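> The primary structure of each chain is shown beneath.
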Amino acid sequence: MAQVLMKDLNKKYDEVHAVKDVNLHVRDKEFIVLVGPSGCGKSTTLRMVAGLEEITAGEITIGDRVVNDLPPKDRDIAMVFQNYALYPHMTVYDNMAFGLKMRKFPKAEIAKRVGDAAEILGIQELLRRKPRQLSGGQRQRVAVGRAIVRHPQVFLFDEPLSNLDAKLRVQMRVELKRLHDRLETTAIYVTHDQVEAMTLGDRVVVMKDGWIQQVGEPLELYSKPANRFVAGFIGSPAMNFMDVAVTDAGGALWVESNGLRVKVPPVHAGRLGAYRGQHVTLGIRPEDLRVATGADSGDYAFDTVVDVVEPLGSEILLDLKAGDHALVARVEPTVRVKEHEQLRLALQPERLHFFDLKTELSI
Amino acid sequence: MGRVSPDTAAVHAAAPARVTPARARLLVRLRSRSAVGIVMTLPLILLIVGLVAYPFFYAIYLSLLNKRETAFVGLDNFRFLLTRDTFWLVVQTSFLFTSLAVLWKAILGLTLALVIHTLPPRGQRVWRGLSLIPWVMPLALSSLGWWWIYEPTHSALNWVLVLLGFSPKSWLAEPFWARFSVTLVNIWYGTPFFMITYLAGLKSIPQELYESSAIDGANAAQRLRYVTLPMLKNIIAITLLFSTIVTLATFDIVRVLTRGGPREWTHLFGTYAFELGIASGDVPLGAAVSLFMFPILAVSAFFILRGIRRSTS
Numbered sequence: 001m002a003q004v005l006m007k008d009l010n011k012k013y014d015e016v017h018a019v020k021d022v023n024l025h026v027r028d029k030e031f032i033v034l035v036g037p038s039g040c041g042k043s044t045t046l047r048m049v050a051g052l053e054e055i056t057a058g059e060i061t062i063g064d065r066v067v068n069d070l071p072p073k074d075r076d077i078a079m080v081f082q083n084y085a086l087y088p089h090m091t092v093y094d095n096m097a098f099g100l101k102m103r104k105f106p107k108a109e110i111a112k113r114v115g116d117a118a119e120i121l122g123i124q125e126l127l128r129r130k131p132r133q134l135s136g137g138q139r140q141r142v143a144v145g146r147a148i149v150r151h152p153q154v155f156l157f158d159e160p161l162s163n164l165d166a167k168l169r170v171q172m173r174v175e176l177k178r179l180h181d182r183l184e185t186t187a188i189y190v191t192h193d194q195v196e197a198m199t200l201g202d203r204v205v206v207m208k209d210g211w212i213q214q215v216g217e218p219l220e221l222y223s224k225p226a227n228r229f230v231a232g233f234i235g236s237p238a239m240n241f242m243d244v245a246v247t248d249a250g251g252a253l254w255v256e257s258n259g260l261r262v263k264v265p266p267v268h269a270g271r272l273g274a275y276r277g278q279h280v281t282l283g284i285r286p287e288d289l290r291v292a293t294g295a296d297s298g299d300y301a302f303d304t305v306v307d308v309v310e311p312l313g314s315e316i317l318l319d320l321k322a323g324d325h326a327l328v329a330r331v332e333p334t335v336r337v338k339e340h341e342q343l344r345l346a347l348q349p350e351r352l353h354f355f356d357l358k359t360e361l362s363i
Numbered sequence: 001m002g003r004v005s006p007d008t009a010a011v012h013a014a015a016p017a018r019v020t021p022a023r024a025r026l027l028v029r030l031r032s033r034s035a036v037g038i039v040m041t042l043p044l045i046l047l048i049v050g051l052v053a054y055p056f057f058y059a060i061y062l063s064l065l066n067k068r069e070t071a072f073v074g075l076d077n078f079r080f081l082l083t084r085d086t087f088w089l090v091v092q093t094s095f096l097f098t099s100l101a102v103l104w105k106a107i108l109g110l111t112l113a114l115v116i117h118t119l120p121p122r123g124q125r126v127w128r129g130l131s132l133i134p135w136v137m138p139l140a141l142s143s144l145g146w147w148w149i150y151e152p153t154h155s156a157l158n159w160v161l162v163l164l165g166f167s168p169k170s171w172l173a174e175p176f177w178a179r180f181s182v183t184l185v186n187i188w189y190g191t192p193f194f195m196i197t198y199l200a201g202l203k204s205i206p207q208e209l210y211e212s213s214a215i216d217g218a219n220a221a222q223r224l225r226y227v228t229l230p231m232l233k234n235i236i237a238i239t240l241l242f243s244t245i246v247t248l249a250t251f252d253i254v255r256v257l258t259r260g261g262p263r264e265w266t267h268l269f270g271t272y273a274f275e276l277g278i279a280s281g282d283v284p285l286g287a288a289v290s291l292f293m294f295p296i297l298a299v300s301a302f303f304i305l306r307g308i309r310r311s312t313s
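Chains as they are written, first to last, in this note's numbering: chain A, 1 to 363; chain B, 1 to 313.
Next comes chain A alone, as it looks inside the complex (with noise of 0.2 Å):
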């Protein structure tokens, strides 16, 4: 158990700088997981605390021993891999062993830690296979079972659950978050999947071109997101953004543009009163929206055509088109609407977003 520290973490490559001044507190049996587009820097974090990749500048601290300086071995962490990394030749005790044995661990110990391991991931039956006598999930199991029989201060996951079919993703997902509470171990999770993010974190970071966005609590994240690109990362479908102009009129102020004109709600106002006769970006969860019923009011209400229907079962996924704009709205599965037809829709006012159209951070 043990909390680890990033502080000013920088790691270029010769012409890339991947990772920009990250200061990171990951606390004692957190699970933390980083989160972010392809090249976001997020892998590159997570092998720097793993020692597979040297540290161009900053410090990381493992416990309270600075590790810069010390070999992936003697950091006291364990590791698991998007393809696995099991060893082919050897057995799934043999690879779950594997650690132990480079330790020095007596034979007794490493039996019982391996078979307790086996025990607690349902792979007892496993344990003289070789793995490529697996199957997707159960080679995932194995390589999580080389991690805990180590009894490491830190995990480090790296995309686990990335090479695994989608109903299988989530079975593991559940695995792990069952895992985590009866180990107690403090977690690293990298992953580009926000939905895996926002149901294993206990903190999630948001990770972009190398800087953090983000850190937050996933349902701070979703609802208060810091800027443009946090609120378009969280939240599937994505959030629907809109240029629109601020203007003031009847001693309230408004925010439009062609084909929509909403009312600015009393929580925005005073923020947005400084944007007057300026363009912010409006932004709307396709799950704010729904359809509008006659006891809507006009201010927070506005028409399109609808473009595409994708019905979900559960829910029903509107394309549609307001004036320039295109927007996702999810509405109850019983709505009944075709293609090319007219909607008045309807919004949630105290769940308007509103972004700074230079700087992209949240007003």
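Keep in mind that the hints were calculated from the coordinates and are not lab data. A couple of the hints might just be wrong.
[Stated by the list, open to error] Pairs of lysine to aspartate or glutamate, EDC-like flavour, derived with a Cα cap of 16 Å: (1) K20(A) / E53(A); (2) K12(A) / D64(A); (3) K358(A) / D243(A); (4) K73(A) / E211(B); (5) K73(A) / E208(B); (6) K263(A) / D296(A).
Everything numeric in this text was worked out from a predicted model, so none of it was measured.
For this one, chain A is given, so just place chain B on it according to the hints.
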């Protein structure tokens, strides 16, 4: 055989009345899929028969004749060889030469491959190219170069030895050093083949295995033992087999450097067969010598291939 598709069966049924049943059966057979396969591979089969099977069986036939190739003598040639001390010397030299040369080629090839594999990509290309030179040079020509190096009075090798305070050697005239010299040239020539094959093998080992073993606490020697060598096992087996075949059949080096001397100490099966068959004109005896290579190679191929099959099944 015997697989008849429905449409060929229909052809059979619709065959004109004057076609006899036997001929109709033949037609059906010819139209079956396996017959088409055989016909289409026939050119290659003929080529292999012409270039491999015919000479092989012809050698067996020759080895059963007398020196003037006028009479069948059974196994007399083989019996005669087994009573000759020179032949046993050739057997000994061939074994020693092949096993030492193959072993050292494998060790040096692997070492070179490991060293080149750790170089940055640009340097890798240069060194890979340079280290292939011995292998791509015509062997007869490079052997001539080595002959100059070994030349006792004016050569570079002895000059360096004297410079370092050692006494010069007659490299190709003393039995031990002649065997050593011939083996050394073969190692020099064959190492690049191992190097390039192992390098390709090393590149196919996933980097994660090394990263994972580094985290697991394996040092460089343990990574070699637990990751690299097991991952290269099949490639090592194949190269050993291939190289054993080629090395045992070595001809040029010995022919150019020593012609089998001194006192037959460097003769291999190939050069000895040539000496007896072509130079001395006893073709059947030469054929008998060369045929001794076959069972040796067959046995080693059997064991190596069985090993590979077992490890991959």
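> Taking the hints in turn, state whether each one holds.
The hints, checked one at a time:
no., hint, in the structure
1, K20(A) / E53(A), "15 Å, holds"
2, K12(A) / D64(A), "26 Å, violated"
3, K358(A) / D243(A), "12 Å, holds"
4, K73(A) / E211(B), "10 Å, holds"
5, K73(A) / E208(B), "15 Å, holds"
6, K263(A) / D296(A), "13 Å, holds"
Taken one by one, the earlier hints fail for this structure only at number 2.
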